[in-house]
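Mind assembling these two chains? They're in different frames, but the hints should get you there.
Here is how the chains run, residue by residue.
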Amino acid sequence: MTDLLEIREKIKLFYSRFEPFIVPVLKFLLAFIALNTLNSRMGYMIQLNNIAVVLIVSLMCSFLPANFIVVFGALFSLLHMYALSAEVLLVGFCLYLVMFLLFFRFTPKDSLVVVLTPLLFALRVPYVVPVAVGLVCGPASIVSVACGVGIHYFLQTVIESSSTIRTMAEEDFAAKLRFMIDGILGNREMMVMAASFAITVLAVYLIRRMSVDHAWTIAMVSGALLNIVILLVGDLIYNINISVLGALLGSLLALVVAKIVEFFRFCVDYSRTEKVQFEDDEYYYYVKAVPKMSVAMSTRTVKKISGQSQYARGTSAPARAAGSGAYRRSTQPPRGEAGRRVTTENTAAGRGRYNNASGYGRRENYRGGKSVTIGSASMDSDQEKGSENFEEFF
Amino acid sequence: MLNEERVILMTRMASYEMSGEGKQNVKIGNFFRSDYIALQLLKSFASVTIAFGVVFALFIFYDFELFMQNLYEMDMAAFVKKVLLYYAISAGVYLLATYTAFTYRYARAKKSLKSYYHNLKKLNSLYSEQQ
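So the sequences go chain by chain: A and B. Counting in the numbering used here, the first sequence runs from 1 upward without gaps. Counting in the numbering used here, the second sequence runs from 1001 upward without gaps.
There's no promise every hint is true.
Partial pick of chain B residues on the chain A-facing surface, computed with a CB cut under 7 Å [claimed, not checked]: (1) ILE1050; (2) VAL1054; (3) PHE1061; (4) PHE1064; (5) ALA1101.
It should be emphasised that the hints constitute simulated quantities derived from the structure, not laboratory data. Beta carbons are placed, not taken as given, at the ideal position from N, Cα and C, and that holds for glycine.
Looking at chain B on its own, in the form it has when it is part of the complex (with noise of 0.2 Å):
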């Protein structure tokens, strides 16, 4: 027999789970929050590895005439302590902004998710109770 209470709610859980937003939340509510945000900052991380060393290439490539006189000239250590330094600012820089956006956007998803989860809850005591 077909249960009216059970098809609405699964109906309301199927449109949640398929919409951008609800697909996006469950994804995000797999994880626990540390998991998440540690996932988040470690892709962040390669990100702004990657996005730093094609800027410092293109300031290579900007004057390489220039840098290639000077690199035997120049201080190298002190060098590579000044680009190390600026690594480290960016980083340190989107590294915070990506903490701080991903860990508004767990709580998002979470509050987001509460009703979805209590429609689960039901769900799972209406079959109880058919058994």
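This is chain A alone, in the form it adopts within the complex (with noise of 0.2 Å):
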């Protein structure tokens, strides 16, 4: 456990340092992704099925605020609709925009679950999502699943009916658009997907802020559950023939990723459990304060650098190496200067231990960066005084 806590600080380091790059990278990655999907699924039309147009396109996405992938999404799929008919471009159109002026006001940051949805659907992972929405997301999420559950199916019956489109007269407008509209009305596994995915987020939700122990791994259990319980009983009502074997495998995938997610937002402690009681004038106090898993990451001490030193004339060793940190470039000595030697020792990571006798949750042997003992046989002997073996921190 302790292994996993390390390298669960060193992702988040890693995460913290490179932010600025790797948020590009990743968002361009899910519209490259996800457009690529929607060409290979649709791709009625010739110029949007073009690798160059998709990777122009997601590297405008990767600098553009994360909804716009919603929008470039829902652009390439109403242009594919375009080439297949008109008819099937207004009925998209008329969707998106009910979506949009309905739904997408009350959770304008969901873009990712919009997207998302769809997409798992596509690589027939689909059950991963409610669960994760409900750990991750709040009970307003409910509405961007079932967004992305509805444009999942819609576009399911377009490229279903597409031949059938195709093969009706270019002038029977109403036809095609019925034809359209009773698809997408008449779709009996959408409104059963639509509202097992919604319970089971709610669900998860309300769970998971429970007080209990355990709170999230029960929650993610009993939505995975749920939501098999309810594609069943819609499968008996509607006869809709849902892959019992594809449920619970997906719901077993979903529970390692909702673990995964639990590791890295919800990882705490019980056995450290504590529960205090107090009061103030106003009030009585019953409060249980779970500890959270953390773990000292290991830390290079340079305990010694020898040999002529920069700092032997004019400035005191102490300042320029904290200043400028120079100790980190002195295992190479600079042109021109003498060969100095460093000596680092790495400080391990906590192993092992637990619960208050140390281990992970308390940062004992957490100095809060890099401590570095410098110490210079060459110094001018008025600054060695000054300067004898010290400890800075960074």
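Shown next, in the form of structure tokens:
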């Protein structure tokens, strides 16, 4: 467990250090995968079905706000619909407009959910969505998940009925429109999926907010089970032929993903739970405090720098070392100077130490940075007085 | 002279203002509760009206020929009344949902802004002390 926690800390550190680069890359990848999947599934407009166009749009998405992935996704799908038939475009445009006007007002920041839901449906792992969204987002995300399900089934209807629409006469406007609307409104599977996902999101959210021990684990397991039960009941009532094996395997995958999400978002140690009770003038407080699991990162300590030093004249070594971080470069001697040797020592993370004895949760050996000890044999004697072995914290 | 406490306070406040949630909350905090909710209700009213118009248009085009055939035979007043009733129900439900959601959102934003305003006051007092 300590190793995992250490890896988590490293990932967090890496992310916080390179966030300005990681976020655009992730946005680019998401846009690229989403648009490519859309092109491979629909692909009616030949001009759009081109990797160069997808790359350019994905690059644009990488520096635009995340909501633009939804905008470009909608635009791509509408253009493909236009290539298929103007009537399909009209129905698609009306559907997107109604969703935009009525639903996205409540959850304008859930664009990722709206993109990921149809994408995961296309990748045949949709059951991850309700459990993960219930753990990470709020109850308002029900709207986004339901919209994502609606978009997937609408696109599915367009893809499945494309051959029929092509065979219809050009001038048969009303028939094509009717065909599309019937295809959407008569899709029982969509209704069952949307309902089961919405209920699962709400259930997972409500359970994970409870103050019982292992609330997140209970929430994800019960959410996955509830989802399967609703799907089975919907299957029995409407006879929609949902793959039970697929739902079970998908739910298992959802649990794995949910566990990973929990590890990064809510990693606590219930064995050290503290319950305290106190009062002030107005209230009695019953507080349950559950400590987070954390581990001290291994740090590299520079123990000694020996040999001819560049600090020998003029400036005191501690100030230079602290101010410029010169100790980091000092493993290779600067040009024109005699060689210097730096001795470093790794301070390992606290391993296998639990509870209050020390271990995760307590950062006893964490010093907030690197500790440096510099000793110079060639310093002037007056400087040596002021700069014997010292410790500097960054 | 740099005042360390003031710099820390300003950094903390700037970081809150720059974060997505903070930015949104500061925007909400500029409104009175009634003004904010009224504005959202107005936006929702416009949205639901357009959305209802779109759905109604699709309904008409769904069976346009039949609609045109029956246009002169149907009881127009009853049809309009029925459409208006559906519109009123949809708008009512949607506006109620808007009221509930944005009342909750306003309360949450105000709660979150409490410490921000406290810091603002503290900063102001630090400036006053210096003068």
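These are the hints, each one checked on the structure:
Proximity of ILE1050/B to chain A holds as hinted, the smallest CB-CB distance being about 6 Å (cut-off 7 Å). Of the supplied interface hints, the one on VAL1054/B holds, with its beta-carbon coming within about 5 Å of a beta-carbon of chain A, less than 7 Å. Checking PHE1061/B against chain A: minimum C-beta separation of about 6 Å stays under 7 Å; hint holds. For PHE1064/B, the interface hint holds, the least distance from its beta-carbon to any beta-carbon of chain A being 5 Å, beneath 7 Å.
Evaluation of the ALA1101/B hint against chain A yields a held restraint, the C-beta minimum of about 6 Å falling below 7 Å.
In summary, the structure agrees with every hint in the numbered list given earlier.
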